[in-house]
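Trainee: We have chain A; now place chain B onto it with these hints.
Protein chains in written order, with full-length UniProt numbering: chain A, 1 to 400; chain B, 1 to 64.
Honestly, the hints are just simulated from the structure, not real lab data. If you're wondering where the values come from, they're calculated on a predicted model, not measured in any experiment. Hints are not guaranteed to be accurate.
[Unchecked claim] Only part of the chain B face toward chain A is listed, based on derived beta-carbon distances under 7 Å: (1) 6; (2) 59; (3) 61.
[Said to hold, decoys possible] Under the rule of at most 35 Å between Cα atoms (straight-line distance), these lysine-lysine pairs were calculated in the DSBU-like manner: (4) B/2 <-> A/37; (5) A/112 <-> B/2; (6) B/2 <-> A/369; (7) A/112 <-> B/9; (8) A/30 <-> A/369; (9) A/107 <-> A/30; (10) A/37 <-> A/135; (11) B/2 <-> A/30; (12) A/369 <-> A/37; (13) A/369 <-> A/112.
Where is the CB? At the ideal position from N, CA and C, for every residue including glycine.
Residues per chain are reported as follows:
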Amino acid sequence: MSEVDDLPRFPFPVDAALEPPAQWAELRSKCPVAHVKLASGDEATLLTRHEDVKAILSDPRFTRPTPQDNAARVADSEEGGIFNSDMATVIPQHGEAHLTWRRSIGKWFTAKRMNALRPGIAAMAELLIDEMVAKGAPADLKAGLGFPLPVWVICDMLGVPDRDRDRFSHWSDTMLSMTRFTEAEMKAAEQEFGRYMAAHIAAKREQPGDDLLSALITDPEPMPDRTLIATGIGLLIAGHETTANMITKMVAMLLSDRSRWESLLADPSLVRTAVEESLRLDANAGVGMARYLTEEVEISGTVLPRGTTAMCSMAAANRDEDAFARASEMDLGRSPNQHLAFGAGAHACLGQPLARTELQVVLEVLLRKLPSLDLAVPVEDLRRVEGLVVGGLVDLPVRW
Amino acid sequence: MKITVGQDKCCGAGTCVLLAPDVFDQRDEDGIVVLLDEAPPAELHSLVHEAASVCPAAAIAVSS
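Chain A with its partners taken away, still in its complex shape (with noise of 0.2 Å):
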C-alpha cells in the first residue's frame, strides 16, 4: 500500500479556475505513463499525450471498466461511482449488442434533427437572456443561462418536464461524486432518479408523446425496461451537466481576455471554430475516461499489462504541442481542430452534435444581444466545482 501512497494524486490540484495544472506538459514530455493514485486510493496509469488518449478511447477492445473487472475505482465510494457503476451492465457496452444500443438512439442525434432544433434553442437563448437582463447586473450566468438552456433542450427531447430540473440536478451531481457525496448519498440518488425515470416511462407507455422515450418505447423490439431507465438517466445527466458547465467555462474563456471576444463580435463566422477551441482549451473538463485493459498493450514504448486501469486524460491530450500548433494559445480559427473533448472512437460522446449546436447558438444569441459583456469580477476569482467527475465553474458573474 506504501507504494500507492507515495503515487500523485490524480486528478491534480490547481489553484487558477481556467488555467491546467502544470503536470500535464511535465508529463506528456517526459513520462507519458505515468502512475498515480485515484480518490478512491486505487492505482492508475494515467495516459496525457494526443496519440496515446486517441490510440486507447479508438480501440475497439476497451471499454469502461465494468463491477466484474476488479478496476481501479475513480470514486472514493466502494462501488467506485459512475464509472465503475452497474450502467456499464445494462447498457451493453461491447460489439453488436452496444452499435445496437448506441444507432437507436443516433437517429435522435443527426445533424439535420440539431439543425431543425436551433431556432427553438436561439428563442430560448433569448428569452432566458431577457430575464437575466431585467434582474440587472451583475447576473450569474450559469444560473441564468449556462444551466437552464441545455436542460431545457434534453427535457424536451426526452419529454420529461423541466420543471424537476432541480431534483435532476442534485440527483445528477450526486451520481457523478467523486468525493463529494457519500455512498449512501449516491446510493439513494441512484434509486430515486431510478424511480423517477421508471415512473415516467411507464406514463409514457400509457400515453406515448412525440419524444425520444416514447419511441424507444414503442419501438418494435424495445429494450428492457432496465435499459430504458438507465438510457434515459444516462441521456438526462449527459445531455445538461456537461453542456451547462461547459457553456459557462466557454464564456467565461472568451471573457478572460477580452480581445478574444471583441474579436467574435467583428466576425461571428469564427463562432464554430471558437467553439471548439474552447472545447480543446477547457483546463476544468473532469478527471477523464477510464479504459480497463483487458489485454496487453503497447503505448509509447510501455507495455501496460492486462488489468491495467487506464486513465485517458483528453483534456491534457488537448494541449499536447506534438498534436497543435501553439498548443496552449486560444486560437479562434483554429481548424481542423482534432481535439478530444468528446472522446474518441466507437464510444465518442453520443451528443456531441448536440453539445456543439447549443454551445454555437447561445454564442451566437450572447454576441448579438449582450455585445457589452464582461466579466464581473477579476478572473482569478472564479471557482471550480470541487469533487465531482465532471469540472466546470461555481459561477460566472457578469455585467453588460
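Mentor: Quick look at chain B alone, frame taken from chain A:
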C-alpha cells in the same frame, strides 16, 4: 478528390454533416454516415479534409 466512408466504423457523431452537408448525410434510421458526393467540387475540399481529420471514428478516407 475521392472520398470513401466506412459505415461499419461510423459512430454517428454527425461532425462531417455539420461541416459539409452537401457532401455527407446521415441515415434517418440510425444516424450512420451516407456519402452524397464522392468527388465534390474544389471549393468544398478544405471542409472535406477537415471532416475527415476530425471524424471521431476515423471513418472518412480522402485520396487525391
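Trainee: Decide, hint by hint, whether the structure agrees.
Mentor: Here is how each hint holds up against the structure:
For residue 6 of chain B, the suggested interface contact is broken, since its CB lies about 12 Å from the closest CB of chain A, more than 7 Å. At a threshold of 7 Å, the smallest CB-CB gap from residue 59 of chain B to chain A is about 10 Å, leaving the interface hint violated. Using the Cβ-Cβ criterion of 7 Å, the hint placing residue 61 of chain B at the interface with chain A is not satisfied: the shortest such distance is roughly 15 Å. Distance check on the hinted pair: residue 2 of chain B and residue 37 of chain A sit about 48 Å apart at the alpha-carbon level, beyond 35 Å; violated.
Distance check on the hinted pair: residue 112 of chain A and residue 2 of chain B sit about 24 Å apart at the alpha-carbon level, within 35 Å; holds. For a cut-off of 35 Å, the pair hint linking residue 2 of chain B to residue 369 of chain A is broken: about 43 Å separates their Cα positions. Of the supplied pair hints, the one linking residue 112 of chain A and residue 9 of chain B holds, its CA atoms being roughly 20 Å apart against a limit of 35 Å. A C-alpha spacing of about 46 Å is found between residue 30 of chain A and residue 369 of chain A, which places the hinted pair above 35 Å, so the restraint is violated.
Restraint check for residue 107 of chain A and residue 30 of chain A: the C-alpha separation of about 43 Å exceeds 35 Å, so the hint is violated. The straight-line distance between the Cα atoms of residue 37 of chain A and residue 135 of chain A is roughly 45 Å, outside the 35 Å bound, and the hint therefore fails. Between the alpha carbons of residue 2 of chain B and residue 30 of chain A the distance comes to roughly 40 Å, so the proposed pair goes past 35 Å and is violated. For the proposed pair residue 369 of chain A and residue 37 of chain A, the alpha carbon gap of about 46 Å is over 35 Å, so the pair is violated.
Distance hint between residue 369 of chain A and residue 112 of chain A is fulfilled; the C-alpha atoms sit about 26 Å from each other, no more than 35 Å.
Consistency with the previously given hints fails for numbers 1, 2, 3, 4, 6, 8, 9, 10, 11, 12, ordered from lowest to highest.
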